[in-house]
Structure formats: C-alpha cells, structure tokens
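Q: One-letter residues, chain by chain:
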Amino acid sequence: MSQEDTLIKKLLSEKEKDVAFKELLHLYKERLYWHIRKMVLNHDDADDVLQNTFIKVYQNIQNFKGESKIYSWMYRIATNEAITFLKAKAKRNNNSLEKEKDLAIKNLETDVYFEGDEIQLKLQKAIATLPEKQQLVFNMKYFDETTYEELSEILETSVGALKSSYHIAVKKITAYLTEN
Amino acid sequence: MNNNKLHIKQPGFKTPKNYFEKLESQIMEEVSLKSKLSKENPFKVPENYFDELEHRVLNQTSDNKKQPKVVSIYRNKMFRYVAGIAALLLVFFSIFKLQQTVSSETNTITQIESYIENGFLDLSYLDYEALLTDEMLEDTSFISNLEQEELFEYLSYEIDEIHLTTD
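So the protein lines, in turn, are chains A and B.
Each residue of the first sequence is one higher than the one before, counting from 0 in numbering that gives the first Met the number 0.
Each residue of the second sequence is one higher than the one before, counting from 0 in numbering that gives the first Met the number 0.
Any given hint might turn out to be false.
Here are the simulated DSS-like pairs of lysine-lysine, each with C-alpha atoms no more than 25 angstroms apart in a straight line [unchecked claim]:
| hint | chain 1 | residue 1 | chain 2 | residue 2 |
| --- | --- | --- | --- | --- |
| 1 | B | K13 | A | K121 |
| 2 | A | K132 | B | K13 |
| 3 | B | K96 | A | K162 |
| 4 | B | K43 | A | K28 |
| 5 | A | K14 | A | K64 |
| 6 | A | K105 | B | K13 |
| 7 | B | K43 | A | K162 |
| 8 | B | K13 | A | K21 |
| 9 | B | K35 | A | K170 |
| 10 | B | K13 | A | K124 |
| 11 | B | K35 | A | K90 |
| 12 | A | K171 | A | K121 |
| 13 | A | K121 | B | K33 |
| 14 | A | K105 | B | K21 |
| 15 | B | K13 | A | K171 |
| 16 | A | K170 | B | K96 |
| 17 | A | K98 | B | K43 |
| 18 | A | K162 | B | K21 |
| 19 | B | K33 | A | K171 |
Please keep in mind that the hints were generated in silico from the structure rather than gathered at the bench.
Here the structure is a predicted model, which means the values were calculated and not measured.
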C-alpha cells in the first residue's frame, strides 16, 4: 500500500481522521496556497480561500472516491473555491469579473506582499487578459511546472487540449509583453 | 549523409501534421518569454504565515469538535429578548385560540336553540324523562324555592294534562 493510500485510509477512519488531516494540511498547505494566490493575487483573499478549501476537504473527505490522486482532488476544490470567491467578490462590489481582476492587479502596485518588478507586474496584467482556463493552465505549467498528466487530472481536460491551451496562452502573453 | 533521415529507422510511429514546424515556433516563443522574465515568485506572505495557518485551520475542524465551547444560552442577552417575545406571542395566541373556542361553542348552542325553537326537534315529556337520571329525579331542592301558592296554581292548570302515577 502506497503512502498516499495509507493516508487516505486514515482520513476515512473516524479514529485517525484528525491526525491524518493534520498531516495532509502540513503536506499541501504551501502548494495549495500558491495555486490560490496566483488566482486571487491578494494575500488576505488567498488566506480566506485556502482556509475554506481545507475545511471543505475535512468535511467532504468521505466523498473522495480515490479515482484521482488526493492532491488533484484538493486542487479541484481549491480552484472552484477561488473562482467562486472571485465571482462573489465582483458581485459584492458591483463589478464584472474582468473589472475586479483589473482592480486586483492595480492594487499589487501598493501591496506590501508583492515584490515584483515592472516586468513581473506586466506579466500579471498579461495573464489577466487570458480566459479563466488559460490562466489556470499557464500558471500551473509555467510557474509550478506541473506535468500535463497532472494538469489533465486536476482540470479534467485531455492532455492535447491542455497543450494547445498552454501554447495559445504563451503566444498571447508574448504578444502582450511585446506590445506593451 | 542525408541529415533529414539520420540513422533513425521509422518503427511505424507518426506525428500530427506540421508538428515539427509548430514545435519550433512554440519552443521559440517560450524561450523568448523566459528570457524576458525571471521565474522568481514576486508574491510574498507574512512571517510565520504557514505555521499559524495550520493552527487556525485545525481550530476550525478537529479541535472545536473535541472541545466545544459551552456557552449557557440563559446568559445570552439575545436569548432573553427572544424568550420574552416568544412568551408574549404564546400568551397572545392562547387568548386568541380561547376566544375562538368560546365563540364556536356559543355558535353551536345558539344553533341548537334555534333548531329546537323552530320545532324541528319533536320530543314528548316522556322523552325528556328518559334523559333524567335517578339522582336528578330525587333532587327536589328546586321545589323549596317555589312559593306554595305558585305550585298549587301551576298544578291546578296542568293537572289534567300531566299523567301522575301513585304507587
């Protein structure tokens, strides 16, 4: 039995659930944080989404069927939580999703937890121009170097479609950076 | 030597149409992007954020479940207000319900009286007699309230009609 299988077995057992969850939290907190942070940009928002993600993982662990790897399942929860969060925030502020994203990038200029230079800020602006799915693929492939197989499991999309999505994203970003 | 074929034997594998042309442009674009940008993460987190995060998440899951904080609802100010309002509503609805019951009973009695008065109930004095119990017949206290003269007067008028038995 692999290490992951043992962890899942513990998570599904009433007796060992809490200990196993602590281990899961310790293992994946940073990876999931950076995944969420690249989507929502702001630290406080990332913190909210990350906490909600882990609480959902804890509450719904019995629904994990083991058809994919546990981190793929958690990534899917984190992605959905981040998208839901962004939509709710835009609605609360009476903005479109695009407008809300523009504001988030503008706020990066004064964010104490963003230390990027001008070109890195421009890269964030370029990523924001992409459709939601291309943003996800680009961030996970370019920064996190996630394999296409892992991406396919997380985003439930074929490897071929993901490759095409990534190359379109690279092309658009290169064009944006050249123009600006 | 033919550079296009090198020494590679083709064991039946094929590539998608224009694959190598596309591949070249894709690699060049990616290399160009990487040369412009460093992959260094520009986002930062507060100091000790990840350690604190673990505690906060665990506080919201396992710890709370094991040691739930008990707060007496009687000490809660909001509970007192809600209880007060609930008591008032209970009294209000009890009175309302009572009035409804009395009112429906009054209506029923009025309907019965009207039914009898209109002559729809045809009962003889013998039918009434059958409804009386022995105790009720033995109770003659109501007679003492009658003046003797009134009694004689009543009997003198009604004696012919009422059948009296003397054993």
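Q: If any of the earlier hints don't hold here, list their numbers in rising order.
A: 1, 2, 3, 6, 7, 8, 10, 11, 14, 15, 16
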